[in-house]
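First to last, the protein sequences are chains A, B, C and D.
Counting along the first sequence from 1, when you hit position 37 you're at 99 in the numbering used here, and nothing is skipped either side.
Counting along the second sequence from 1, when you hit position 160 you're at 222 in the numbering used here, and nothing is skipped either side.
Counting along the third sequence from 1, when you hit position 156 you're at 218 in the numbering used here, and nothing is skipped either side.
Counting along the fourth sequence from 1, when you hit position 273 you're at 335 in the numbering used here, and nothing is skipped either side.
Derived by calculation from the structure, the hints in this document are not laboratory data.
Predicted model, so just to flag it, every value in this text is computed and none were measured.
No false leads were mixed into what you were given.
Identical copies look the same in the list; a pair holds intra-copy or inter-copy alike.
Restricting the straight-line Cα-Cα distance to at most 30 Å, the calculated cross-link-like pairs of lysine-lysine (DSS-like) are:
id : residue 1 : residue 2
1  : K94       : K352
2  : K369      : K352
3  : K66       : K355
4  : K264      : K94
5  : K278      : K264
6  : K368      : K352
7  : K94       : K278
Number of protein chains: 4
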Amino acid sequence: MEEKTIAVLTSGGDAPGMNAAIRAVVRAGIFKGFRVLGVRRGYNGLIKGDLVEMNLRSVSGIIHRGGTVLYTARSPEFNTEAGMQKAIQVCRAHNILGVVVIGGDGSFRGARDLSERGYNCVGIPGTIDNDIACSDYTIGFDTAMNTAMEAVDRLRDTSQSHDRCSVVEVMGRRAGWLALRCGIAVGATSILVPEAPFDLQKDVIDRMVENQRAGKQHFVVVVAEGVGNVSEIAKEIQTRTGIESRATVLGHIQRGGSPTVTDRVVASQMGYHAVELLSKGIGNRVVAMKADKVVDYNISEALQMKKPFDFNLYQIAHDISI
Amino acid sequence: MEEKTIAVLTSGGDAPGMNAAIRAVVRAGIFKGFRVLGVRRGYNGLIKGDLVEMNLRSVSGIIHRGGTVLYTARSPEFNTEAGMQKAIQVCRAHNILGVVVIGGDGSFRGARDLSERGYNCVGIPGTIDNDIACSDYTIGFDTAMNTAMEAVDRLRDTSQSHDRCSVVEVMGRRAGWLALRCGIAVGATSILVPEAPFDLQKDVIDRMVENQRAGKQHFVVVVAEGVGNVSEIAKEIQTRTGIESRATVLGHIQRGGSPTVTDRVVASQMGYHAVELLSKGIGNRVVAMKADKVVDYNISEALQMKKPFDFNLYQIAHDISI
Amino acid sequence: MEEKTIAVLTSGGDAPGMNAAIRAVVRAGIFKGFRVLGVRRGYNGLIKGDLVEMNLRSVSGIIHRGGTVLYTARSPEFNTEAGMQKAIQVCRAHNILGVVVIGGDGSFRGARDLSERGYNCVGIPGTIDNDIACSDYTIGFDTAMNTAMEAVDRLRDTSQSHDRCSVVEVMGRRAGWLALRCGIAVGATSILVPEAPFDLQKDVIDRMVENQRAGKQHFVVVVAEGVGNVSEIAKEIQTRTGIESRATVLGHIQRGGSPTVTDRVVASQMGYHAVELLSKGIGNRVVAMKADKVVDYNISEALQMKKPFDFNLYQIAHDISI
Amino acid sequence: MEEKTIAVLTSGGDAPGMNAAIRAVVRAGIFKGFRVLGVRRGYNGLIKGDLVEMNLRSVSGIIHRGGTVLYTARSPEFNTEAGMQKAIQVCRAHNILGVVVIGGDGSFRGARDLSERGYNCVGIPGTIDNDIACSDYTIGFDTAMNTAMEAVDRLRDTSQSHDRCSVVEVMGRRAGWLALRCGIAVGATSILVPEAPFDLQKDVIDRMVENQRAGKQHFVVVVAEGVGNVSEIAKEIQTRTGIESRATVLGHIQRGGSPTVTDRVVASQMGYHAVELLSKGIGNRVVAMKADKVVDYNISEALQMKKPFDFNLYQIAHDISI
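Just chain A, same shape as in the assembly (with noise of 0.2 Å):
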């Protein structure tokens, strides 16, 4: 009698917390009778056939490290019928019925449309930007933020040791939820995300004159890296008030480190759940996080959400930075 046998990826954009939802994985798969192969590089994997048996030990003592022990990649050839029948095979050859997939939007296009043709896939998403719509929360944003938290509480002893301004680009191309909570953890004066618009003379610098009035000398202004230059942001506010201003973009070092409580156990939850829902044979969904519960949505539905920005929240920060 075959294996029933199930598969687990990364792919897009590495994320703390992958790890943990890779081992609860295999784990929960383990637990339930299931076979479970690890694909290396994302979807390039599934169509090379570069697979790995996984056992309880090949996720031992990976649960607190950063990144992703099966590797990830973006795949365009996946994108194509070509590769996608491809991939298709390589299930086939190895009995795979249902796939894992834990990454963003265009992972879980890829995982819809394996779906469609006959091998259920589950996605989890898993990306630092919490840009996914149809989740509260994505698996890395706590890690990342925090990360980000601590650059800049750092950069804020030198600031304020030299009456400056720090001017810090967060990630979030298309999404401020990284920069807005970051900003607030860390008191910035300023929180510009693309979400919101802004008037970077009324916005920033009134509000930055108005606190040196009450006796503030440093300042943090945050920025989502899809806001703009923060060189030319910085130039621009040492112009305007006359304080000295230094641009510190934060970058890749957002990707990385041991994952907090947080994203460990939302990726273990998560992961969980995927399992779960193969062994019920139910396939085309995504696993995401709604009002602190674990849910699932159909994938082609869970894309065409959208998720409102919390300007609740972002009115809060702007009340309580002056």
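Guided by the hints, dock chains B, C and D onto chain A, whose structure is given.
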């Protein structure tokens, strides 16, 4: 014309994030036109009139600091009518309309009693144990969990080098929330909490032996404070399994440290919400997080709520740890 | 033609940085044309022939990890002539010319005995206590100190909030190096070490009272493990001063964690130096740091050296803590 | 009778540990019977008379904080005779016998000039670059190295997940100390410093290709600030090797953060030593670490010293990274 005045105090055990809450109360208060007084050392300060004027600068540079700049204490005197009356005289003398009380259930009872005597109080849940029934989340919990997790990650290094079992006591006299999430995050073989009865042989020893057969040679057992003596548990494990076992009590290090993003942000939201209530003339409420939203409850009702332990998550922890 | 082979093992208590030393031995060994074997679980592995081939990749991704990938153990059997002879047979069978032994004094005695029987051994001091006489520095010391310091920094937050005294036990059964430097770093009111006799009344109580008069209301007392029971010391302090006092035993968390720069760099230097010695046919040596330079000593001579406690630094600690 | 007074200031770029040095100066000063004044914002504060009385409590709770509570600045005015004379008048007016100057070479020149005019100054080397010739160690270096290392450890996680090369710029415009030790600590394939000429093809590209053949698929190249533009280096590496390469500039985060044990202890030792000199009527000296001992030098002689780069360690780094 007299200035509208509110006060803020921290009471009971301290928790990381209390400073962020104080800061939000002061800044939101000033933003809404209040004069804000800080009360030192909890209700004792209210009885003695140990008050300090708070302005924007007095809460500058505190959001990232552990502990509480207002100090904290338990106040048996406040539980007497005489103590209460002294506090009321101080409130009257300083024209205090309302008080924000950051603490736990004991502190909220005081806030209710004072509210009932005409001084609006709003409670904010601050305790690392997450054991306040009305709120999904209490300030300090996330930081404490991460501190505990990092400590156990260190213990694992040395357990692994020596093929040992680490039996770790984390905080939680009556509540296993911290143990549960921390235990999942470190990949503990077993998690012992006061809410769930356990059998040492079946739930710890047998699991270790089973894991050992699968090749595992080092183990972590996470135990909530309220469950019992970890030295005895470690001794018993060593006797029954033959695996060298060491006990560690993490203790008060879990109370300190710079707060995480979550603790700083939630504290900011709750502090802001508390001031909004007072500014509308509403008292006798506890601010709470419910399904990721900031809400508030009548204090008496809040004190009678029950918070069921997350047995579902406990089961996941069980299933993926072998 | 037979390949020249060296081996590397870790022995005794583990210490952060041991992996960096293993890595340096393997890479420097390969660089110099050796085949390198890893011995698992100290001298026990040498007796049992538990050897593993090491290549560039087998030490990839370990420099930043705590613990030791080769595991460690104490080996009473190696202290017997029979055990020693078994180890010699394993060395002969695998054509091992020399062994790098990372550990403490006990491990070096084994290295000396093996060297005297014709198998060149070089010791590398690895222990968090810094209690190896011939070397100013031992691998793991810097990481352990920083771990202890961060933990006490957390304790200070909560001590300060509650006007308490924290009495903290740090590692060091016979040596107060860690307590001394950690105590200075946290601004401890008193530091108690096994090397310096003390009078609780004069050296702790009176100093606290004097500080209290100057306005200080929270205190930290750092105690080396070898000095005595911190719970009793805390109780005594509380009785005599009336200041609430709490004891914390930091314990094994000081053994783990990702090594600091110093531990990684010193381990790399020492591992490299050890291989250089072996490549010149020199054995029966201990590598050491002396006045910031890497040197080496005859093992027997090294074992008879004395390392005077730094009473000068102890005096500075005393003078600036009041 | 007039009280003997000394002053302390921080000058130039800030560095973690400066607060520990200020604290040691204040406490050792008071211990030896001095009145101690803090000068704010470096020599500018001395010119303007921006002085603050320091007591035991004013340096309480600062040993663990980054930055400098006295603020720092560069002071072009102090380099003019007019500025110098104003500072002298302030010293005379406040009966200041001597000044402890924490900073770099530029700050020491001011200290020498002031000493030559009758006001004893003692310099303490504080700069994260470790680029002060007379001293093996400068305050802030250890913290900055560890901050850089932790950031690169994070970058490695994501480089590894994606099979990429990380090219990281660390601080050091004219000095490669930080790059060298940080590079060894993270296991960098290549380390580029201003002191050592390099050939990109031979010292970076060829080594990467060789490592790739041995199975390595992710790389870290550490580059000191003074070497050149990391974006261009990354682009060049990608072009020549075909390995996706990303540049990161760590920037000012390396200046902040809570100091390590080493920085707190060395700062305490140096601050204490500086006061001892002043208490003996000795000025025009720089305190330094030499072969692990605290010594002092004539400032003019110190400014002419050369500190040879550690090419031996650079060679070790080279040999063990392939």
